[in-house]
Amino acid sequence: MMRFLVPAGFLLLVGLFWLTLDRISEGEYNPRDIPTQFIGRQAPAIDVPDLFNPDITVKTADMKDQVWVLNVWGTWCNECLREHEFLVHLARDKKIPIVGINWRDQASDAKAMLARMGNPFMRLGFDPKSKVAINWGVYGAPETFLIDANGVIREKHAGSLNANIWEKQFSHYFTTTGKDS
Amino acid sequence: MTAYGHKKTAFLSLLCALLLSAISFNSLARVDIHKFDNPQQEADYKQLVGELRCLVCQNQNLADSNAELATDLREQVYQMLKDGHSKDDIVKYMVQRYGDFVLYNPPVKKITYLLWGGPFLLLVLAMIVIMLYMRRQKQEQPEISQTQKQKIHQLLDE
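Top line first, the protein sequences correspond to chains D and F.
Anchor point for the first sequence: position 167 equals 167 in my numbering, and the numbering is continuous, going up by one each time.
Anchor point for the second sequence: position 125 equals 125 in my numbering, and the numbering is continuous, going up by one each time.
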């Protein structure tokens, strides 16, 4: 009995280990994920200056009556670099309205990166002191929220965004008006 | 007081001093410069940053963490206290945004039953395993025959 159980248990552990690592690398599982408190709740306020034009304030109310995406990022974050190309693709090819929050960053670094890799953000708030980040319960970067036309948060993804996650979690909100669901 | 008593008190105070120094080293690990309106506010601040968890470095509280988000969260706690919010308000504010996860002392409810009960469950399981093991060992103890007993006595007497 024991002679059979021990190797079987070991194999089971190896299998679980492999599966979990695979899901982590695919971005489907994040062991440090903190379940968000915001799904189904009204989007919190944004109240920070625009990165390119500090006289303008970026506000949640700017995006009234449309489905939009909020993306929190920084040039210090590698996963943000990894997803950036995909964000550019979403904005350019699919016309997805993305509001960026540049979090805990140097304005000059952020501008340089956008000049080099493209700017997918229709508005871009500058948040060096985590004002927006804390108000939205952000604990890492990148984090992506989906807000419907009623201003309610529907989805959140912590970690790099890719086509796979977009199709599964986000894309269907843009095939409808976003008012009904 | 006897000499023995002196020794004992000396030992105890040394122990206390050591423990206290450990505590103060810990709180010296990080320094923010904050001015408080009154001692109560400062006490509230210290208690809150001790109870709230750093979300980046998930095994530290806000007080011990040097992570940047933790710095900003401490600032948030400080500002809210200065604005006259109560401790409960601030905890509620954090839980609304980060969930019970942000608390080092989460409330007992359905989703945390396993968290609170798990250790006791493990203890009971471990005790059952040990009991089964001991019972088996007892059963496996070989019977000693009369001749063997005689031999043992012989050996012991020698």
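Because the hints were derived from the structure by calculation, they are not lab data.
Treat the hints loosely; a few may be bogus.
[What the hints assert, rightly or not] Derived DSS-like pairs (lysine-lysine); straight-line CA-CA distance at most 30 Å: (1) Lys59/D to Lys131/D; (2) Lys168/D to Lys156/D; (3) Lys94/D to Lys111/D; (4) Lys59/D to Lys87/F; (5) Lys64/D to Lys129/D; (6) Lys87/F to Lys46/F; (7) Lys92/F to Lys64/D; (8) Lys82/F to Lys129/D; (9) Lys95/D to Lys168/D; (10) Lys110/F to Lys129/D; (11) Lys129/D to Lys92/F; (12) Lys131/D to Lys149/F; (13) Lys92/F to Lys35/F; (14) Lys59/D to Lys109/F; (15) Lys111/D to Lys129/D; (16) Lys92/F to Lys151/F; (17) Lys64/D to Lys111/D; (18) Lys109/F to Lys156/D; (19) Lys82/F to Lys131/D; (20) Lys59/D to Lys92/F; (21) Lys92/F to Lys94/D; (22) Lys95/D to Lys131/D; (23) Lys94/D to Lys168/D; (24) Lys87/F to Lys129/D; (25) Lys131/D to Lys151/F; (26) Lys87/F to Lys131/D; (27) Lys82/F to Lys110/F; (28) Lys87/F to Lys64/D; (29) Lys109/F to Lys129/D; (30) Lys156/D to Lys35/F; (31) Lys35/F to Lys87/F; (32) Lys59/D to Lys129/D; (33) Lys131/D to Lys92/F; (34) Lys129/D to Lys156/D; (35) Lys109/F to Lys46/F; (36) Lys131/D to Lys111/D; (37) Lys156/D to Lys94/D.
Restraint status (C-alpha distance of Lys156/D to Lys94/D at most 30 Å):
Holds, at roughly 19 Å.
Please verify whether Lys95/D and Lys131/D have alpha carbons no more than 30 Å apart.
OK: Lys95/D and Lys131/D at ~28 Å, within 30 Å.
For Lys109/F and Lys129/D, compute the direct alpha-carbon distance and say whether it is at most 30 Å.
With Cα atoms ~34 Å apart, Lys109/F and Lys129/D exceed 30 Å; violated.
Are the Cα positions of Lys87/F and Lys64/D separated by 30 Å at most?
At roughly 34 Å apart (the allowed maximum being 30 Å), Lys64/D and Lys87/F break the hint.
Agreement of Lys87/F and Lys46/F with the hint, judged by alpha carbon distance not exceeding 30 Å:
11 Å, holds
Between Lys131/D and Lys111/D, does the CA-CA distance stay at or below 30 Å?
20 Å, holds
Does Lys129/D sit within 30 Å of Lys110/F, going by the straight-line distance between their CA atoms?
Violated, because 36 Å separates the two Cα atoms, which is more than 30 Å.
Would you check the hint for Lys129/D and Lys156/D, treating anything up to 30 Å between C-alpha atoms as holding?
22 Å, holds
Given the hint that Lys95/D pairs with Lys168/D, does the C-alpha gap stay at or below 30 Å?
18 Å, holds
Taken at face value, is the distance from the CA of Lys110/F to the CA of Lys82/F at most 30 Å?
The given pair, whose Cα atoms are some 35 Å apart, is violated under the 30 Å limit.
Lys92/F and Lys151/F: Cα distance at most 30 Å?
With Cα atoms ~76 Å apart, Lys92/F and Lys151/F exceed 30 Å; violated.
Is the hinted pair Lys92/F and Lys64/D satisfied, with a Cα-Cα distance of at most 30 Å?
28 Å, holds
When held up to the earlier numbered hints, the structure conflicts with 10, 12, 14, 16, 21, 25, 27, 28, 29, 30 and fits the remainder.
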